[in-house]
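J.: Chains as they are written, first to last, in the working numbering: chain A, 1 to 283; chain B, 284 to 733; chain C, 734 to 1021; chain D, 1022 to 1386.
Among the clues, some could well be false.
[Unchecked claim] Calculated cross-link-like contacts (lysine to aspartate or glutamate; reagent style EDC-like; alpha-carbon spacing at most 16 angstroms):
hint, chain 1, residue 1, chain 2, residue 2
1, D, Lys1140, D, Asp1203
2, C, Lys768, B, Glu566
3, B, Lys568, C, Asp769
4, B, Lys611, B, Glu391
5, C, Lys768, B, Asp565
6, B, Lys611, B, Glu336
7, D, Lys1314, D, Glu1330
8, D, Lys1314, D, Glu1328
9, B, Lys611, B, Glu394
Note that these hints are calculated values from the structure, not bench results.
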Amino acid sequence: MLPLLVSVALFLVWPIVEAIRLSFVRYNPLRPDDQPFVWFDNYLFVLEDPLFWESFRQALVWTGISTLAQAVIGVGLALLLHQPLRGINAFRGLLLFPYIVPTVVIALNWRWLFNAEIGIVNHLLLSAGIISERVAWLSTPDMAMASAILLNVWKYTPFVVIVVLARLQTIPTELYDAAKVDGAGAIRRFRDITLPQLAEVLAVVVVFRTIWTFNKFEEIYLLTRGGPGTSTYNLALYAFDQAMANLRMGVGAASGVIMLGLLLAGSLLYIRLTGFGREDRAA
Amino acid sequence: MAVKVSRRAALGSALAAASTLAAPAIAQTRERVARVWGEPGPYVGVFTNALNEWAQRNAPGLRFEAEQIAWDQVYVKLTTDLAARRPPALISVESPIAYQLAAEGLLEPVEDVNRNIRAAERLVDGFKIDDFGTWKGTQYAVPLHHQGCLFIAQSDIVQEAGLSDPTNWTWQDLLNAARTIQQKRPGMAGFTMALGRNLCGDYHIGQFIWQAGGLTWDPSRNFETVFNSPATIEAYEFIKELYAYMPRSAVEFSFLQVVDQHVTGRTGMSFYWGRTMGRAADEAKPIYEKMEYYLNPAHPRTGARWSWTDINGWVLPRRDNPFIREVKEALTQVMNSTEWMARYSASLFPNVGPVFKDQAAAPALQQHPMYQAKKRSVDVIFTGFVPHACNSGFELRKGISPLAGIAHGRNVWSQVAQRILLNNESPRAAVEWGHRQFEDIRRENRRLLG
Amino acid sequence: MSRWAAALIYAVLGAVTFVVCFPLLWAISTSLKPKDEIFRWPPTLIPETITFESYRELLFGGAVASAPGAGVPPSAYFMDWFVNSVIVSVGSTAISITVATLAAYSLTRFRFRGQRAVPYVAILGYMIPSVIFVFPMFLTMVALDLPDTLLSLILGYVCITLPFCLWLMWAFFRGVPIEIEEAALVDGATRLQVFRQIVLPVALPGIIAASIFSLIVSWNDYLFGRVFMNSMDKLPLTVGVMHFFDGTHVDWGLMMASSVLMTLPMAILFGFMQRHLVAGFGAGAVKG
Amino acid sequence: MTDVAIRGLSKSFGTNRVLKALDLTVPSRQFVTLLGPSGCGKTTLLRLIAGLEQPTEGEIRFGERRVDGLPPGERNIAMVFQSYALYPTMDVARNIGYGLEVRGTPKAERRERVGAVAKVLEILHLLGRKPRELSGGQRQRVALGRAMVRKPDIFLMDEPLSNLDAKLRAAMRGELRRFHLDLGTTTIYVTHDQLEAMTMSDLVVVMNEGVVQQIGTPEEVYARPANLFVAGFIGTPPMNLIPARNEGGRVTVEGHPLPVAAPAGAPAELILGIRPQDVSMATPGEPGTIPGKVWMVELIGSERLIEVEIAPKVRVTAEVRASHRAALDDAVAVRLDPAQIHLFDPASGQALPREAVREVGARPA
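Isolated chain A, as found in the complex (with noise of 0.2 angstroms):
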């Protein structure tokens, strides 16, 4: 058992480590037999480019308004779900369905969907007199990035509404009945019951979701390749962009690192928010 975990961990940690060693070496894939090491150079590159910081700044734009419509979404939906109407299970099924679509599927579709000339979301704002002259989504930047956060939305809001709609199943009913009796309204029970029980599991979720759409990579690349021009990179996108492009692995490797700070800072928030592992010192 113990070699199988160890042997786990080093196929998971080795290449961690080979990527924060690469980050401190100039690297031509071309060259793989000459790696000179220049200590702090890549990071001093990437923080000194401005591409990083701007494909910084979009990541933001990008997690944040993903991550929020996300959660408004999710739990708005959840809310309705978690009725007891008949024939609400179909809903369930078909609304958390885009979960499983792969992503390779979903841009593919998106381009179908967006293309300026002939796609079909066009010709229905067309015709439904909502724009006037076709719009390019995707070689708009403020549109591209729309769209690339309306996927992200699409495919992942199924996975808010997954947790919130289990944890919706675990808020005793008596909780409900005694707001009643007390003469609270509906909102109010939302908002005095509901969200406070949800708090918790919304705020793991928030963490997850921010943490992973910071580091997609797939959803933009196979959209819009972090075009047009750079207007939807990421980090994600950066670091791949500088090694694979650029043949500067080592830049990659540092932004790469650069991001596995930035997302260690995220779990350590994560595991502050649920007292992960709490239990198993109190055992």
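Let chain A serve as the given structure and place chains B, C and D on it in line with the hints.
T.: Frame of chain A; chains B, C and D shown alone:
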């Protein structure tokens, strides 16, 4: 090595567990596989078939296998596989990258192959062997095909707009035509080119820069960065003017979207290589029938009609390549076969231009229905443009530059355009930004220049 | 609840469901159109002519032997890719779940040094962006002489799915009272029997949730497939279908048909397992 | 016919010694209760006997067979857990038959034996259900059935009734006792509830802090507690334990002489123990009584408890008929039945020899 061994030991148990579960996944034959990299498209497959024909007779147990590398994936694959010291046996890659690899010293000299196939004598007029990838006097590439980027117009639309014969157009005529078409045909773009941050954007933009007389690095002056010339700025200013008559989404266009636009009748004119005609023939007969290829519109002052041309040759990775001898023999055999070379060129007509005279004259090409139907256009694609062929690694035919491949990896040319079109930077400022990028590339890779 | 409130909820849910399902409905619609109809403007919402040509090409295109003078179209590899994806996702899931189950069990049942750190490490591993380790891992695969093999993908996916599976199983085993194992020991069962007959059945919902998660991740991955694999016939589906963009041409009908076919196995799995998914993910939270 | 002999058994978890060189013999066919407060080591002892824990030192024998190295499955024991530990994924029949299943008992025989047990326990109609579909009492019976079906040498029961409501618990006490009488299997029963221990056991082992305090029949541990711990732990309401003195061979409480002689060699300071049932109310001033004030009165059904403060912070509880009325702060007196007085050495906590306690000038005890 020590690290590697301990890693192996540590992974042993995980692998043991994995392999029992994944037995079918690793059950592969122990034949020797020589990997061949090429663009997507049938021609690499055809050439691989030819190589395998040789292998069956002369090298039992050896199999060539084509790996299609999409244009935008070239760098990912190149980076990972070369870094991992497992290059393919044979590569057909866009010429600037081939030049870069040659200068990096990663390639096997191929004078012997070129001699054995009498490449110098057979080459079509206007090309020299050195154009395909000779660095410091050593030949690293075996001529394979050429693809020049040209100007495509729909003759019916041009006539309807009352425009002159595009053969003699200048930039002003192009701009005027684009405007006119856009006005006369609502919902249709006047002109389409790629302006996305991708290779295609780089190529299309490059043509304008050279036509105006600009270039990126000057080989005659030790590759000094000369991007920020008035000519370059003029080219970008012109692109900005022209963009008014392009689809809005041209700023994200790459190869595919440009062809899509033209073949589905949503643009009157575009830049592209031979493939647009091939696709129109497959999918849109009415458009195909009215489609004509021309040399690029001339710059009004310089009169230049430069065409971004992939002067494509086979290159062989030198290190970690156990197949060099066999690949050379196979290449010699296949490329001496006019029949195979014609078949290669005909497999995606007229996308891959013939590099050898005997190949160009072969019945498979001469009697191809598309050649019969579109003789004038195909002649432009196959031979007419050759005097105007250059590319970003062979700017203005002044000399091979190993830096262009790197710059394409970063799409600096199209990034400049994007700064102008998307961020509303002034062309001068954007060009200065580009100049700094190019200068960085030159500084970082000075060792390549020797 | 009043009838009006119920009607309102149905209306909202119906609208949201339509929006959520629209991309896939549109994909299905496109996949059934003949090629000329796909590019028509204005687009037809429901295909005027329904054709299964795209599906036929994907499912049976591989059967067409290529002539020596013609290349093989990427669509001919579709079934290969499909099988590859099945092998790698099932294979990596099997390994991940096996290791995670055994490891999580020993974590909650046996004492050893550093035990408490393991869930922390797992949760960290669970958050690391794969873009960081895809390249070093590729070098590792090369060192192990595994690049361009399905096994390398399996191992790669094990790495990205294992931390979460471990964590989920750990949460599950913590909820399994040790008394039932002791009861079984008293009943005379061996440790192995206890694990197989008592613990595993109890942990089954967790195993199912972790398996679904692992299947989704490995079935959906693009990055590892892109970097690790070269040969056309060894690609996973996600990487393979990108070859339908051949630079100058994309057949959206083919693309959408493959989208539908790629989603189908997951959708079927999801249909059967949806209940467990909610239950299992309720126990922890989920990587996405 | 298996007795259990435990010699010098110790168990430590880290530095925490839970059992301290414990000796105990459980005679064959007896129903023996391990009684003690939580944390006294009784559950650990049971788990050691079951083989779920390994002793730090000492030995355990079942009859002639030394078992402390054997895994639980080879000891031929059956155990009922506090939480019942029913296998949640198996139905009742399989739960009961699982021990037979892993031993390879043929299916037909298994079904027959499970059926027989289920019939006795009156759970035949539940055989197809899963544990989560059962009520607490039903689960308890299933757990019992699982233990019974294998005809083990020894039954081990770990507080099996503690999760039931009061009424059901009372009923199950009787049933368990009845099953034991029918089966005659040596049974070790862990509880912290003295009522269970008193009503069901042949022998009670009172434990505290990892040490056996007293072994005896329920009557013995009740009537003759061996030490202060047992005296205070056994009996409801608990025994009055009040400071007393040995003044020249005569026992006095707060200066009031009692008609009880201190045994020879008794220390000057004593602790006097007397159950509330053996305390009666008297009028102040009567000889042999101790005066005080009523401090608290509680009705507990047919009886009433009157707590009398005989000195600051020293109180004696008397259990009297409910008809006896008393008002708070009434001046009263209590009379201690001399025959029921227990004397303890406060230093060692041990009871002074019972034979030595004599009622002064009265009949022998």
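J.: All hints, please: hold or fail.
T.: Okay, the hints, checked on the actual structure:
1. D/Lys1140 <-> D/Asp1203: Since the Cα atoms of D/Lys1140 and D/Asp1203 sit roughly 15 angstroms apart, the hinted pair holds (cutoff 16 angstroms).
2. C/Lys768 <-> B/Glu566: holds, 8 angstroms
3. B/Lys568 <-> C/Asp769: Distance of about 12 angstroms is within 16 angstroms: holds.
4. B/Lys611 <-> B/Glu391: holds, 10 angstroms
5. C/Lys768 <-> B/Asp565: holds, 11 angstroms
6. B/Lys611 <-> B/Glu336: holds, 14 angstroms
7. D/Lys1314 <-> D/Glu1330: holds, 5 angstroms
8. D/Lys1314 <-> D/Glu1328: With a Cα-Cα distance of about 8 angstroms, the restraint between D/Lys1314 and D/Glu1328 holds, given a limit of 16 angstroms.
9. B/Lys611 <-> B/Glu394: Within the cut-off at roughly 10 angstroms; holds.
Checked against the numbered hints listed earlier, the structure breaks none of them; every hint is satisfied.
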